[in-house]
Amino acid sequence: MNHEQRQKRFARLVEAHARDIYRMAFWLCRNKELADDIVQETMTRAWKSIDRLQDENAAKPWLFTILRREHARVYEKNRPETVELDETLLADPDQHNPEMQEQINQLRKAIMKLDEKYRDPLMMQIIGGFSCDEIADQLGISKAAVMTQLFRAREQLKSRLGKGLAS
Amino acid sequence: MNQEKFLEMLASDPKSRDPDFLAQAEKNDENRELYQQALAFEDSLLAAFNTPVPVAIEETMLDITKVSYPRFGKKTIGLLALAASLVISVSLVLFTPPPSEQLAYQQLVAHISEHDPRDTASLVPVSKSEIEPYFIQKGIELGIDLDDLTYITFCPVGDKQGIHFVLDKPEGLVTVIFVPDMPASRVQDLQKEGIPGLLAPVLDGSAAIVGQPGQDLYPIANTLRKGLHKI
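Chains E and L, in that order, give the protein sequences. Position one of the first sequence corresponds to residue 1 (the working numbering), numbered consecutively onward. Position one of the second sequence corresponds to residue 1001 (the working numbering), numbered consecutively onward.
There could be a bad hint or two in this list.
Stated by the list, open to error - Restraint ranges, calculated between C-beta atoms of paired labels, are given here:
#1 L:Ser1016 - E:Gln7: 33 to 43 Å
#2 E:Lys8 - L:Pro1170: 26 to 36 Å
#3 L:Glu1030 - E:Glu155: 13 to 23 Å
In short, the hints are calculated from the structure, not lab data. As the structure is a computational prediction, the values presented were derived from the model and not from experiment. Note that the Cβ used here is the ideal one computed from N, Cα and C, for glycine as well.
Same shape as in the complex, but just chain L:
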């Protein structure tokens, strides 16, 4: 491979495993440096394209298989299209979160705004043995190892009772306020002043998750969704 072809490939397919290309990359110091620079740029590109993915996307996709899709003849398609348009119209109306959910969301946001959830000094921790009965009472089985929690207590949110967890993750402490009977239909961003925050639907309730600057909270939301089950 000549130098011109090498440079062309370096800019179009720098991760190519073509032996001629790799040999040319090792031919001299200049090529070695160009090759390393190209690979470093590829790492940046990979990181740039690696944008966040919604919580539990796999579960959402798998839900598709729970719906049957019968085949219809041409004669029925027009009728179905009419029916579908009616369903879509009704769905659009229904899609707006119900007032109770909007109120729940507002209460949770207000709670986080009024009390820095990362400040646990004013809260009295409860023993872990008190937590499990609470979840059972709410019809929830705990699949999360309580030993991973550094702090846990009850926490009133509006007129509901929530659970306030603190998880010690390698990237820093993560605070979770889970309210089992405060519904949310979608993930919402609670980020404020550089502090990342998420409101995620978990079972029939909501979890507000607050972390440290730069922290990705989606895996935490996934852990909660996978770790809590209805009894």
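Bound conformation, chain E alone:
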């Protein structure tokens, strides 16, 4: 593959997955500045090894795996502080009525407080659109364990919202 072909291939990946990659990075580290850095490093690594991606249909799990490894690498070095959701983050890309927006904000705060073993598979399912089998493959755990974690993630979120503990 020559440089131009590699660039075109990379551009297709960026067009299709840039926003999901960023959102995944944000929710992994819950810190906007760190998410910027991790996304930059993830995409640099992806560009450098794009020849190794055999099947473009597998690009999304491939990118998410690089992202998760990069996050783990950064997290091992220093455990950055997560930040509270600020007003900027709560400014939504979609327009919602005030009641719906408040519910979404409460949900975000509840997601922030989820244990990562429940949050990670949930992010992969909702942001990545991965099936339970695909999540199990990426996390290296059984499908049954993924389903249990997804079940508990939703139960905890509903419970926190119900009890008003999210705030």
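Assemble chain L onto chain E, guided by the hints.
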């Protein structure tokens, strides 16, 4: 699929297209209601995870391909690491916005604070035919359809000349103050008292964008970045 398995799947993978699961969801009124509730919760989850993404993230990612990454042997890696640490140290110093940029930012913020940019009553509109020559003089080609603008005028910001646009968007009016020679290196939040605002780098200048409560301004910033080009 039995009811226990259905409830388990409803809480772990409610958007599953598994035929047995879908059949169980339609089995009776109670299941239908549970299924609809689960789907509504999924919509909320999707909206919650749908957090804002930085302006022009795609362009930033594509910039990566403009840098070459040569492979090095092990012997040179130590030397490179030393060189890299020096570069990082210098970069950290250089990363701090230069004083001229800080001043520009302060002037733009002061301008917005002193004059509500949404109040155009005191400003005299100029004809659209006067705008294009101004951009050309600044070395900028306008790729934005001027017919979409409801209002446009010149606007002094500090010692610079800016352009004051008002865009009529479905979510409400959006005001943009673009100063072509007032540089900004990053997007900054200008939100004040519930009114969303952004300062975004556009070409070699800055655009201050002010909208209506609840309005997402990132797409506007993207439109500007894509619609203005250097000649």
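Comparing the hints with the structure gives:
no. : hint                             : verdict
1   : L:Ser1016 - E:Gln7: 33 to 43 Å   : holds (38 Å)
2   : E:Lys8 - L:Pro1170: 26 to 36 Å   : holds (34 Å)
3   : L:Glu1030 - E:Glu155: 13 to 23 Å : holds (19 Å)
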